[in-house]
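Q: Below, each chain spelled out in residue letters.
Protein chains: 2
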Amino acid sequence: MNERFCELKLKYEGDFTLPPKHEELQKYAFEHMKQERKSGNVGYYDVPHTHRELVYQASAKLYKTTKKLSKSIDTVVVIGIGGSSLGIKAVESLLSPLPGEEKKIIYLENSDPVDLKKSLKKIKKEKSLFFVISKSGGTIETMSIFKLVLSRFDIHLDSNEKNRLFIITDKDSVLSKFAQKFDITEFNIPLNVGGRFSVLSAVGMVPLLAAGYNVQNILDGAACMIDRFFGGRENHILEKAAFLTTNQERYPINVLFGYSNMFENFTKWFVQLWAESLGKIDKDGNRVGLTPIGLTGAVDQHSFLQLIIEGPRNKTVTFMKINDFETDLCIPDFSLDFIEKTNFVNGKSFNTLINAQCDATKQSLVQVEVPVDSIILQHVDEESVGQLLVYFELLTSAAGAMMHINTYDQPGVELGKVILQERFQ
Amino acid sequence: MNERFCELKLKYEGDFTLPPKHEELQKYAFEHMKQERKSGNVGYYDVPHTHRELVYQASAKLYKTTKKLSKSIDTVVVIGIGGSSLGIKAVESLLSPLPGEEKKIIYLENSDPVDLKKSLKKIKKEKSLFFVISKSGGTIETMSIFKLVLSRFDIHLDSNEKNRLFIITDKDSVLSKFAQKFDITEFNIPLNVGGRFSVLSAVGMVPLLAAGYNVQNILDGAACMIDRFFGGRENHILEKAAFLTTNQERYPINVLFGYSNMFENFTKWFVQLWAESLGKIDKDGNRVGLTPIGLTGAVDQHSFLQLIIEGPRNKTVTFMKINDFETDLCIPDFSLDFIEKTNFVNGKSFNTLINAQCDATKQSLVQVEVPVDSIILQHVDEESVGQLLVYFELLTSAAGAMMHINTYDQPGVELGKVILQERFQ
Numbered sequence: 002m003n004e005r006f007c008e009l010k011l012k013y014e015g016d017f018t019l020p021p022k023h024e025e026l027q028k029y030a031f032e033h034m035k036q037e038r039k040s041g042n043v044g045y046y047d048v049p050h051t052h053r054e055l056v057y058q059a060s061a062k063l064y065k066t067t068k069k070l071s072k073s074i075d076t077v078v079v080i081g082i083g084g085s086s087l088g089i090k091a092v093e094s095l096l097s098p099l100p101g102e103e104k105k106i107i108y109l110e111n112s113d114p115v116d117l118k119k120s121l122k123k124i125k126k127e128k129s130l131f132f133v134i135s136k137s138g139g140t141i142e143t144m145s146i147f148k149l150v151l152s153r154f155d156i157h158l159d160s161n162e163k164n165r166l167f168i169i170t171d172k173d174s175v176l177s178k179f180a181q182k183f184d185i186t187e188f189n190i191p192l193n194v195g196g197r198f199s200v201l202s203a204v205g206m207v208p209l210l211a212a213g214y215n216v217q218n219i220l221d222g223a224a225c226m227i228d229r230f231f232g233g234r235e236n237h238i239l240e241k242a243a244f245l246t247t248n249q250e251r252y253p254i255n256v257l258f259g260y261s262n263m264f265e266n267f268t269k270w271f272v273q274l275w276a277e278s279l280g281k282i283d284k285d286g287n288r289v290g291l292t293p294i295g296l297t298g299a300v301d302q303h304s305f306l307q308l309i310i311e312g313p314r315n316k317t318v319t320f321m322k323i324n325d326f327e328t329d330l331c332i333p334d335f336s337l338d339f340i341e342k343t344n345f346v347n348g349k350s351f352n353t354l355i356n357a358q359c360d361a362t363k364q365s366l367v368q369v370e371v372p373v374d375s376i377i378l379q380h381v382d383e384e385s386v387g388q389l390l391v392y393f394e395l396l397t398s399a400a401g402a403m404m405h406i407n408t409y410d411q412p413g414v415e416l417g418k419v420i421l422q423e424r425f426q
Numbered sequence: 002m003n004e005r006f007c008e009l010k011l012k013y014e015g016d017f018t019l020p021p022k023h024e025e026l027q028k029y030a031f032e033h034m035k036q037e038r039k040s041g042n043v044g045y046y047d048v049p050h051t052h053r054e055l056v057y058q059a060s061a062k063l064y065k066t067t068k069k070l071s072k073s074i075d076t077v078v079v080i081g082i083g084g085s086s087l088g089i090k091a092v093e094s095l096l097s098p099l100p101g102e103e104k105k106i107i108y109l110e111n112s113d114p115v116d117l118k119k120s121l122k123k124i125k126k127e128k129s130l131f132f133v134i135s136k137s138g139g140t141i142e143t144m145s146i147f148k149l150v151l152s153r154f155d156i157h158l159d160s161n162e163k164n165r166l167f168i169i170t171d172k173d174s175v176l177s178k179f180a181q182k183f184d185i186t187e188f189n190i191p192l193n194v195g196g197r198f199s200v201l202s203a204v205g206m207v208p209l210l211a212a213g214y215n216v217q218n219i220l221d222g223a224a225c226m227i228d229r230f231f232g233g234r235e236n237h238i239l240e241k242a243a244f245l246t247t248n249q250e251r252y253p254i255n256v257l258f259g260y261s262n263m264f265e266n267f268t269k270w271f272v273q274l275w276a277e278s279l280g281k282i283d284k285d286g287n288r289v290g291l292t293p294i295g296l297t298g299a300v301d302q303h304s305f306l307q308l309i310i311e312g313p314r315n316k317t318v319t320f321m322k323i324n325d326f327e328t329d330l331c332i333p334d335f336s337l338d339f340i341e342k343t344n345f346v347n348g349k350s351f352n353t354l355i356n357a358q359c360d361a362t363k364q365s366l367v368q369v370e371v372p373v374d375s376i377i378l379q380h381v382d383e384e385s386v387g388q389l390l391v392y393f394e395l396l397t398s399a400a401g402a403m404m405h406i407n408t409y410d411q412p413g414v415e416l417g418k419v420i421l422q423e424r425f426q
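Those sequence lines, one after another, are chains F and C. 2 is the number of the first residue of the first sequence in the working numbering; add one for each residue after it. 2 is the number of the first residue of the second sequence in the working numbering; add one for each residue after it.
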């Protein structure tokens, strides 16, 4: 069989592939992931393929509902937290909506009253759609903010106003039942797709679609990476997971260093994925986990870099870099008296400067023997963002399999929820 | 002598004071810090006192210069990176300008061309002041962006337009010489105040003053904390530093968990302070350092918390909390069908909710024996922010003394700068 594969739009340059390669462990994780997929226990592997259809349907549903509203829409309000907002933010920061379809996204996320008040002020109800996103329907911040929105904007569930509301939740959740009772447009999250792995499901794709993003192409990129990985074409993901997990005592901290402000929300999305998936008690009762840190270059060269270079040798660093920012902003080619020392970048583009800074920093880490690798996007476009999201999801699943943990639950946070409820009794 | 001390506006609840208390080590650090101050080697200890005068002068200078400009000013542009921007951002996110004096602050910071382009678009030259901030005058991002601003906005150094420019730099630096040659208004940073300890010097205070902030009161709060510490009234700072440094093998990671979006930039400021100050090769040639992580509550309960609770026991956690947000935003007191489970917060304020979440999370960490403490601000006001900044600076100096390192330099980042320059040759 001469299977053909799509082409990757991101490049991987790895140093985590040194021996020992732990080939048995890699093989085990690969089989484990295939089994997760085949059994239907882990749904995110299939979402990029199955959700193309959902996007068509969502598009029709959104059109049908919003045309009942009197004014044109310019704002998408996302009411959600954690896995229900981080992925949308990550994509929004990297991509731009289609020309003519741009809508502003406002996030109502935290229970911080000052931040909420500020965000609410920016919302004009007549021009807004509201997406309430919660897998279980029991998220205290999301449900409290949803009530606040209903009350503040005087949205009655028995009026035409409810056509501004969209609910994204698990099938049969309490929130789904609520949606059905009041005939609010609803999108479901597959039950086998966990919150932090849900960006490519309705959770991320529907609000982004409503905000004007080309989500079909994001799914195409994602599907490409899934196919290549399960087709055995992206084994470096397994090699990296083997390196990181077998070295977790030596390198307990994994830094993701994105060279562009555009990556800042992406690294936050990664931090949840990595921390919450891998920070677990393993099958033998041991506390395991790898601590993620998100940095932004070149800014954090002036903040965190010193610690990586001279501090304890307990970190790996993954660089993310954009080859072509598609802007032509240049450093003017003139000299300022007394400040000639910085003239060496005169006439160069900022694109060249920031990437040279990324390369120089990487090289300086190599010299002091910090394990590093890079993920390079040729351009930032929908396909490469889809691939990037899946790259980190697959890496996380592979690492979780190698650590013999349940990658997809989060039992540790339940205690705090119980204590919170007790405090109000 | 019955010395009287000002009152603290923040409260400290610590669990890091368990035996062994390392009293000798605490005493050593305290003496070391007194010596740093007395010798004049470390200048930030005196800045809150000495810079009250600077603020008066700066106020007059700003007034005198800006009245030469034709239009009224509504924007302050900060051109700086690392220690030259993080402190300003931290304060800006926590406080509000004086009514009637509010100006927008725009940061030109990173060498990211997309971000730069976006920020430049927001600037109207006629209504803006530009602050170029660099201790040495050799910061590649800052100088390149400065040139870009001169060229983009057609600011000629021999015209009246130069009255929009302000330079904040070390006395006798190349940037200072440049300012003098072209008669640009200049403010100096004391030579003995390092970049990451400079927020209360001209670096932070002058742009914040220009943007309408009550910086005098910030300095008052800061001076209060300095006086109390050196008067022996804040020894818990030494106790905490002793706990963190003597446990650096056991707890190599220190989390700062601020319960409000307002703290997000503050934690970034802290990350630079802690990482760059303590990540060093010590006097015996050992790599030492503590890894800081900034989190935002309640958001990161849905992201990082699982790792702290079930993952490796390698973290301490410091909570920051605001007792009174001074807003009355409440969760509406009604029930949504099927979603009654979240009704237990009905009628409560979001202020109460977020702080209960903070307390519940803290309690859940105590139950699994993670070392925690809290810093509690009654309100967010100028004095408490001044105190909070100095609290962390003093903690850093104490930790550095106990680790026998140079807390105030950053030799590790030089290598990358050399490599960068070579890449352009």
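Heads up, a few of these hints could be off.
A pair holds if it fits inside one copy or across any two, identical chains being indistinguishable in the list.
[What the hints assert, rightly or not] Heads up, simulated BS3-like pairs for lysine-lysine below, C-alpha to C-alpha not over 30 Å straight-line: (1) K123 <-> K104; (2) K349 <-> K163; (3) K22 <-> K349; (4) K90 <-> K62; (5) K68 <-> K39; (6) K12 <-> K28; (7) K128 <-> K35; (8) K349 <-> K62; (9) K349 <-> K12; (10) K182 <-> K349; (11) K72 <-> K119.
Think of the hints as simulated: they come from the structure by calculation, not from any bench.
Q: Each hint should be assessed against the structure and marked as holding or not.
A: Hints versus structure:
In this assembly of identical chains, the alpha carbons of K123 and K104 lie at most 30 Å apart whether taken from the same copy (13 Å) or from different copies (19 Å). Taking the shortest Cα distances, K349 and K163 sit within 30 Å of each other only across copies (25 Å), while inside one copy they are farther apart (53 Å). Within a single copy, K22 and K349 get their C-alpha atoms no closer than 41 Å, and across copies no closer than 55 Å, so neither meets the 30 Å cut-off. In this assembly of identical chains, K90 and K62 lie within 30 Å of each other by CA distance solely inside one copy; the values are 23 Å within and 42 Å between copies.
Neither within a single protomer nor between protomers do K68 and K39 lie at most 30 Å apart by alpha-carbon distance, with minima of 41 Å and 72 Å respectively. Proximity of K12 to K28 under the C-alpha cut-off of 30 Å is restricted to the intra-copy arrangement: shortest distance 23 Å within a copy versus 54 Å between copies. In this homomeric assembly, K128 and K35 never come within 30 Å of each other (Cα to Cα): the closest approach is 45 Å inside a single copy and 60 Å across copies. Taking the shortest Cα distances, K349 and K62 never come within 30 Å of each other, neither inside one copy (48 Å) nor across copies (36 Å).
Taking identical chains as interchangeable, the C-alpha atoms of K349 and K12 lie at most 30 Å apart only when both belong to the same chain, with a minimum of 24 Å there against 51 Å between chains. When the C-alpha separation of K182 and K349 is checked against a cutoff of 30 Å, the pair qualifies only between copies, where the shortest distance is 27 Å, while the shortest distance within a copy is 61 Å. Taking the shortest Cα distances, K72 and K119 sit within 30 Å of each other both inside one copy (23 Å) and across copies (29 Å).
Against the hints set out earlier in the document, violations occur for numbers 3, 5, 7, 8.
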